[in-house]
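Q: Given next are the chains, with one letter for each unit.
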Amino acid sequence: MPGPIQSIERAAAVLRLLASGARRMGVAELARALELPKPTVHGILRTLQLVGFVEQSPDTGKYQLGAALFHIGSSYLDGNELRTRALNWSDSLASRSMESVRIGTLHENQVLVVHHVFRPDNSRQVLEVGALLPSHASALGKVLLADDPVGLSLADDEPLKAYTPATITDLDALSDTLEQVRQRGWASDVEELVDGEVSLAAPIRDRRAVTVGAVGISGPVERLCDEKKQPRTDLVSYVREAARSISRELGAIPW
Amino acid sequence: MSTYIAAIDQGTTSSRCIVFDHGGAIVSVAQKEHRQIFPKPGWVEHDAEEIWANVLDVVHGALQKASLTVHDLAAVGITNQRETTLVWDKATGKPVHNAIVWQDTRTDQLVKELGEQNRFREKCGLPLATYFSGPKVRWLLDHVDGLRERGERGEVLFGTMDTWLIWKLTGRHVTDVTNASRTMLMNLETLDWDDELVDAIGVPKAMLPEIRSSAEVYGTATGTLEGVPVASALGDQQAALFGQTCYSPGEGKCTYGTGSFLLVNTGDKPVVSENGLLTTVGYKIGDQPAAYALEGAIAVTGALVQWFRDKMGLIGSAPEIETLARSVEDNGGAYFVPAFSGLFAPHWRSDARGIIAGLTGYIDKGHIARAVLEATAWQTREVVDAMNADSGVELVALKVDGGMTANNLLMGFLSDVLDVPVVRPIVAETTCLGAAYAAGLAVGYWSDTETLRENWHKAAEWLPTMDAKTRDKGYRKWKKAVERTVGWIDEDDNDE
Chain A
2 MPGPIQSIER AAAVLRLLAS GARRMGVAEL ARALELPKPT VHGILRTLQL VGFVEQSPDT
62 GKYQLGAALF HIGSSYLDGN ELRTRALNWS DSLASRSMES VRIGTLHENQ VLVVHHVFRP
122 DNSRQVLEVG ALLPSHASAL GKVLLADDPV GLSLADDEPL KAYTPATITD LDALSDTLEQ
182 VRQRGWASDV EELVDGEVSL AAPIRDRRAV TVGAVGISGP VERLCDEKKQ PRTDLVSYVR
242 EAARSISREL GAIPW
Chain B
33 MSTYIAAIDQ GTTSSRCIVF DHGGAIVSVA QKEHRQIFPK PGWVEHDAEE IWANVLDVVH
93 GALQKASLTV HDLAAVGITN QRETTLVWDK ATGKPVHNAI VWQDTRTDQL VKELGEQNRF
153 REKCGLPLAT YFSGPKVRWL LDHVDGLRER GERGEVLFGT MDTWLIWKLT GRHVTDVTNA
213 SRTMLMNLET LDWDDELVDA IGVPKAMLPE IRSSAEVYGT ATGTLEGVPV ASALGDQQAA
273 LFGQTCYSPG EGKCTYGTGS FLLVNTGDKP VVSENGLLTT VGYKIGDQPA AYALEGAIAV
333 TGALVQWFRD KMGLIGSAPE IETLARSVED NGGAYFVPAF SGLFAPHWRS DARGIIAGLT
393 GYIDKGHIAR AVLEATAWQT REVVDAMNAD SGVELVALKV DGGMTANNLL MGFLSDVLDV
453 PVVRPIVAET TCLGAAYAAG LAVGYWSDTE TLRENWHKAA EWLPTMDAKT RDKGYRKWKK
513 AVERTVGWID EDDNDE
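The listed protein sequences derive, respectively, from chains A and B.
For what it's worth, this note's numbering labels the leading residue of the first sequence as 2, then goes sequentially.
For what it's worth, this note's numbering labels the leading residue of the second sequence as 33, then goes sequentially.
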């Protein structure tokens, strides 16, 4: 096995330093702390910036950790762990909404269902844990894409597939929708994946306020929407309350 | 309706308070762990004062999280770790000794001296074992200076954790039938302290609490819960049976926690087991007749996952065991029998110790993770077989609850080895729910058990997919592994 690669060690030291304080740091400051020449540190920072691991403030020129790094870190939340921590609150959501509940995480640009609670009517239902949902055509997926720094850019690799006439297939339109999702804190899919079916979802955040999953309900349009085909506000608030409770369980600051 | 029911779950490792709404949904949860005190190998104690302080904390915390006050509570119910034994001074309220926890085996010798294992089974439904409260009180009476004399004068009081909490909350010295049925001192037919049992085990009657039903107003709380009726008490496993709405004979559940406990309602008559199960009181609602249950107690299930996490360090958190176990297709031939403190139901062998059988050079940590999870399923299978034999009726589906039901791999495997559907209800916290239900019934918050049944809904279901040949082979190997655990302890192993 070859020995450690010096430049990677140095890059790691830079990241560790930037992570150690709440403060942004300049090139000179970092170089001093690491006892390295300024051009070397500058080169490392430029490369890290390119891959999104650090960000430079346009005003001061100082550096901080980048969003892509948080995304990588967040994917380490084990799906089985998320299910365990969410159990009580997903159950409560199913009881209150009387609809089925799913929790999803982003997996190679699709939504991986990590938890499923049956609709509480004792009808025959099949556990869908492990299923994949298209992210642009589901409420869970929209929530995850909205808070994912790299998600939408990956989406341009292939055209968005239409599942129903209502599926959003235009990237710009999807981008606008995601902006709206970010603004209001929840997402919906109104017959965009299956005709007659609606889903609602809200983000689950951890203690760094990074979105680590989404929780939502799904059911027929007659039950989930009002007569104007808008998602029922009472159900939206149940979903958001459940998402907040799970986030609190994960250590997010209560808001 | 703006009022709620609070349930206090005083458990082995932590105390919790959960507030429920009228639909049986969770409104808020608060939890706090307490110290496990290990004075010697095999000894486990709790500080009852610490537990009482934690209970007040979690009650306060649960109310605060949901922005509620005591006025929003229609009643509070109690469920508790069973058999854990405390004696305190009636005048000062101070415990005379730490509580002796159910896992504690210090009464090993005493239990042997008390006689043959099934000596009291007819009357109290239990085999003589270190597990139960009676021998634990006797140990305290024998080892704390002057305690027997003070007990005879009624200056000190005995109680399990339900009794301690009710006494602290209301000042009344009572226990419920389910907790009393774990002492070895109560007669299952009369539901009262039995003179012969009390004399044989050697506990002064003056220090025993009054035995009441599981659902009635024992008193009104003072202090933090000022004015709230304290309206139920059930041992944790009986509370889970009640929360799973197993109100008809033949209905049962298995709760997966540190240990696992399968209880089946046997109706209004106690059934004496011929296959290593315990006979216990399921619940008693006010003046109605008691419902009895058969119980299969498995000592180590979730505790094995914790051991794998804390002692082996192969996973960072308990749920990660599923991720590790899924890294391989099967157990690779490895079987793990966690007889850490002997085997409980249906074997009751205190001389057994744990083993991992079937090791080869092929086995990696993923296979061991599988074997750890599968141990819970195979132990359940043994208890279900005993239950089927005692009741003469085949189990058609298993209702499950508890933390481990979040593990999909385990639940699927459980369904495979039992060859029946495994069903999780919408509230996995059935222990607290059961205590809340009983308290709610006592104060008229819920009208009857039928209303409660309507709250029960299926949240997940796992169906068997394993072929009979694979299942039979796996069970055969498991049994062979179990055979290899017994007789490990020798006489001189217990010498200091």
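Just to be clear, a hint being listed does not mean it is correct.
Derived list of chain B stretches under chain A, where covered just means 3 residues or more per stretch with a C-beta under 8 Å from a C-beta of chain A [stated by the list, open to error]:
| hint | segment |
| --- | --- |
| 1 | 134-145 |
| 2 | 186-200 |
| 3 | 409-420 |
Ranges between beta-carbon positions, derived for each pair [unchecked claim]:
| hint | chain 1 | residue 1 | chain 2 | residue 2 | range |
| --- | --- | --- | --- | --- | --- |
| 4 | A | Val127 | B | Glu361 | 41 to 51 Å |
| 5 | A | Thr170 | B | Leu346 | 39 to 49 Å |
| 6 | B | Asp524 | A | Arg17 | 47 to 57 Å |
| 7 | B | Gln96 | A | Asn123 | 48 to 58 Å |
| 8 | B | Ser349 | A | Asn123 | 24 to 34 Å |
| 9 | A | Ala132 | B | Thr35 | 21 to 31 Å |
| 10 | B | Lys72 | A | Val127 | 24 to 34 Å |
| 11 | A | Pro5 | B | Asp504 | 27 to 37 Å |
Note that these hints are calculated values from the structure, not bench results.
In this text the structure is predicted, and so the values were computed from the model without any measurement.
A virtual CB, placed ideally from N, CA and C, is assigned to each residue, including glycine.
Q: Evaluate each hint against the coordinates.
A: The hints, checked one at a time:
Here's how the segment 134-145 of chain B fares: 0 of its residues keep a CB closer than 8 Å to some CB of chain A, so the rule of at least three is not met and the hint is violated. By the rule of at least three residues with a Cβ nearer than 8 Å to a Cβ of chain A, the coverage given for the segment 186-200 of chain B is violated, with 0 such residues. Only when three residues or more bring their CB closer than 8 Å to a CB of chain A does the claim for the segment 409-420 of chain B stand; here the count is 0, and the claim is violated. Against the hinted window of 41 to 51 Å, the Cβ-Cβ separation of A:Val127 and B:Glu361 comes to about 23 Å, which falls outside the hint.
For the pair A:Thr170 and B:Leu346, the beta carbons lie near 46 Å from each other, so the given range of 39 to 49 Å is met. Against the hinted window of 47 to 57 Å, the Cβ-Cβ separation of B:Asp524 and A:Arg17 comes to about 54 Å, which satisfies the hint. The hint said 48 to 58 Å for the Cβ distance between B:Gln96 and A:Asn123, and at roughly 35 Å that hint is violated. Distance hint check: the CB atoms of B:Ser349 and A:Asn123 are about 32 Å apart, consistent with the given range 24 to 34 Å.
The hinted window of 21 to 31 Å between A:Ala132 and B:Thr35 is violated, with their beta carbons roughly 40 Å apart. Look at B:Lys72 against A:Val127: about 51 Å separates their beta carbons, and that is not inside 24 to 34 Å. Checking the proposed 27 to 37 Å range against A:Pro5 and B:Asp504 shows it is violated: the Cβ atoms sit about 53 Å from each other.
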